[in-house]
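Peer 1: Residues per chain are reported as follows:
Number of protein chains: 2
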Amino acid sequence: MIQFYAPDINETLTLPESEAQHCIKVLRTRIGDTIEVIDGKGMRYTCRLLDDKPRHASVEIIERFPVLPVWRCHITVAIAPTKNIDRMEWVVEKLTEIGVNRIIPVKCRHSERKEIKIERLERIAVSAMKQSLKATLPEIWPMTPIDKVISELNATQRFVAYCDPTIPRLSLAKEYNPQSESVVILIGPEGDFAPEEIKAAIDAGYCPVTLGDNRLRTETAALVACDTFHIISQLTQ
Amino acid sequence: MIQFYAPDINETLTLPESEAQHCIKVLRTRIGDTIEVIDGKGMRYTCRLLDDKPRHASVEIIERFPVLPVWRCHITVAIAPTKNIDRMEWVVEKLTEIGVNRIIPVKCRHSERKEIKIERLERIAVSAMKQSLKATLPEIWPMTPIDKVISELNATQRFVAYCDPTIPRLSLAKEYNPQSESVVILIGPEGDFAPEEIKAAIDAGYCPVTLGDNRLRTETAALVACDTFHIISQLTQ
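Those protein sequences? They're chains A and B, same order as listed. Just so we're aligned, residue 1 is where the first sequence starts under the UniProt record's numbering, counting upward by one. Just so we're aligned, residue 1 is where the second sequence starts under the UniProt record's numbering, counting upward by one.
Rather than coming from a laboratory, the hints here were simulated on the basis of the structure. From a predicted model like this one, the values you see are computed outputs, not experimental measurements. Each hint should be verified, as a subset may be incorrect.
Note that identical chains are pooled: a pair holds if it fits in a single copy or bridges any two copies.
[To be verified] With a Cα cut of at most 35 angstroms, we get these calculated DSBU-like pairs of lysine-lysine:
hint, residue 1, residue 2
1, Lys114, Lys174
2, Lys114, Lys53
3, Lys117, Lys53
4, Lys41, Lys174
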């Protein structure tokens, strides 16, 4: 099944031009054919193509139905973007694919990357959402300072993952409660969080965790953390 | 800590030229300096550099000690290589980083890629092993037909993961027993295993599994499966 992304389909009844190009020029969809359209907000629409000009690909909605995420817990991954942008783009693709609700690029003291353009990350998330047959786009925040993330995010459980072995850590797999309605996990930069950042998170109520005994890259840690939430949740289903 | 890879260090007492180049030209290590060397077979050596010519970087071994994997279960991931080679290279990097003992590229009926050069995959695994501070290189097999994989691999638990919802599947997270000494997981190609391949695996005693309700790409499925073994094991530690 191919899904087209049209965030405003319900109002405009028209595909955005890039999606229309793909639909009409590449896949050769014709007037009267039916297509599946998602809005990134949890709705899927079965539509009939009324006009096959890429600049004005209008549709008629035949059926609309909600496509809920397959996981129940609202997951936020707050991650210091990697120096190598490919690795950050990769993690956005993979987090979207395995299932996440919100991705927050975090600026830390040891961050190798202090700025990030989120438009490209959003395009990657759209592509991964379509490919993995979801209908909800993860929310991607602009770069946010760590102190703001720590103080402003609320969740049933909040975790901070780091490498520094001198500050005691618990096991994320054991601490995560699959009944939690929402979780936040903070993942530090290549050089780890500064000790005062870890302390600030713990003082604010974050649970200090390790993801296991392996040394993981930043982007791998984000993925393993998100996998941990999904896998532990499956045990109770 | 930087690790250099010299598979025959114990016999040759010399760094391979590419490693010696990095050690001497890039990192400017000098005669008398100590370096850490791994052999990919589970041993780490603290060495003193005796000669700083890149073509003949001889060393003296000061200390040798075993570095065991941090996981106890022997993990084999048998995966149909993706059409896009970048995705296959990426999964080799990530599996090595999160911890795997053996990677087997599998040729299936629906495989998009029928041949693969493993030399480049081995270089990627070496790099990931060094970076993640391991001392054991995963074994990488050449491309192997699915029927050979099914009939020849032995393990305490063997799993076949697929998408086809018409053949009943269990949950990998629930079925994996963290007391198992060894596991094998089969991951199919982009177009999934053929039904007769799934049947052959089940007939041979493989447990049919799903990795959850998400639709995952081949390379993501391999990573999530390997994560499942590690995360479930952590619950019993």
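Peer 1: Which earlier hints turn out false for this structure, listed by number in ascending order?
Peer 2: 2
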